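Protein chains in written order, with my numbering: chain A, 1 to 120; chain B, 1001 to 1106.
It is worth saying that the hints were derived from the structure and are not from the lab. Values in this document were obtained by computation on a predicted structure and should not be read as measured data. Take these hints with a grain of salt, some might be off.
Unchecked claim - Here are the simulated lysine to aspartate or glutamate pairs, EDC-like style, with alpha carbons at most 20 Å apart:
| id | chain 1 | residue 1 | chain 2 | residue 2 |
| --- | --- | --- | --- | --- |
| 1 | B | 1042 | B | 1081 |
| 2 | A | 45 | B | 1104 |
| 3 | A | 45 | A | 16 |
| 4 | B | 1106 | B | 1017 |
| 5 | B | 1045 | B | 1082 |
| 6 | A | 45 | B | 1055 |
| 7 | B | 1042 | B | 1070 |
| 8 | B | 1042 | A | 108 |
| 9 | A | 45 | A | 89 |
| 10 | B | 1039 | A | 108 |
| 11 | A | 66 | A | 108 |
| 12 | B | 1066 | B | 1055 |
| 13 | B | 1045 | B | 1081 |
| 14 | B | 1045 | B | 1104 |
| 15 | A | 13 | A | 89 |
| 16 | B | 1039 | B | 1055 |
| 17 | B | 1045 | A | 108 |
| 18 | A | 66 | A | 48 |
| 19 | B | 1039 | B | 1082 |
| 20 | B | 1106 | B | 1082 |
| 21 | B | 1102 | B | 1081 |
| 22 | B | 1039 | B | 1081 |
| 23 | B | 1102 | B | 1070 |
| 24 | B | 1102 | A | 16 |
| 25 | B | 1102 | B | 1017 |
| 26 | B | 1045 | A | 48 |
| 27 | B | 1042 | A | 48 |
| 28 | A | 66 | B | 1001 |
| 29 | A | 66 | A | 16 |
| 30 | B | 1039 | A | 48 |
Stated by the list, open to error - Coverage of chain B stretches by chain A, computed from C-beta distances (three or more under 8 Å per stretch; other residues unrestricted):
| id | stretch |
| --- | --- |
| 31 | 1037 to 1047 |
| 32 | 1087 to 1094 |
Backbone N, C-alpha and C define an ideal beta-carbon position, used for all residues, glycine too.
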Amino acid sequence: QLQLQESGPGLVKPSETLSLTCTVSGGSISSSNSYWGWIRRPPGKGLEWFGTIYYTGSPYYNPSLKSRITIPLDTSKNQFSLRLSSVTDADTAVYYCARGVGGYGNFDYWGQGILVTVSS
Amino acid sequence: DIQMTQSPSTLSASVGDRVTITCRASQSITSWLAWYQQKPGKAPKLLISHASSLESGVPSRFSGSKSGTEFTLTISSLQPDDFATYYCQQYYTYSTFGQGTKVEIK
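For reference, chain A alone in the conformation it holds in the complex:
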């Protein structure tokens, strides 16, 4: 059974870079034709797609966030990450990692989510 688990700091200061890691177990992020993504849910709001990374490293980013995000793969650790630069309090949210079905596809396996608060 595929499982994903987010980890990282729960508190980030404004203007800093938010860094989260998703550890995948029960499957390989290097599997052919596999996609891995990040989604968030700000308090009281709906879900927002950040971006998805193909197993080759090719990214698919939300154009409204593209200048601020990267999603690197670490195949040696079976992990992928999210880096979001220049955060503001609007970036406070629960962040989820998930397995994608296609570059802009739906997501069939999700982590439990991690709350990240942006505050000084």
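Given chain A, put chain B in place with the hints provided.
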């Protein structure tokens, strides 16, 4: 950008009711639409992909349909486990979620 307008935002219903949630896309997305269920403190669960394909293990009381750019999630007979928030997601161009529909006990 493709906008997804989901309605209603809140729905009060009783066990056994037939429930319908709608998502309208701002342009054609063919059938590239998914539905998710989310309960408090839990990750979203994929219910339906490609507008009407039920995921493995999802009860048959859930169904999805499409008419032009309007998509519908129907729960034929609401069960106690179904009280949750539901989201649609288009994945035709990039990916956009609807704002969610909270199904609460009447």
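Which hints from the list above does the structure break, by number from lowest to highest?
3, 6, 7, 11 and 24
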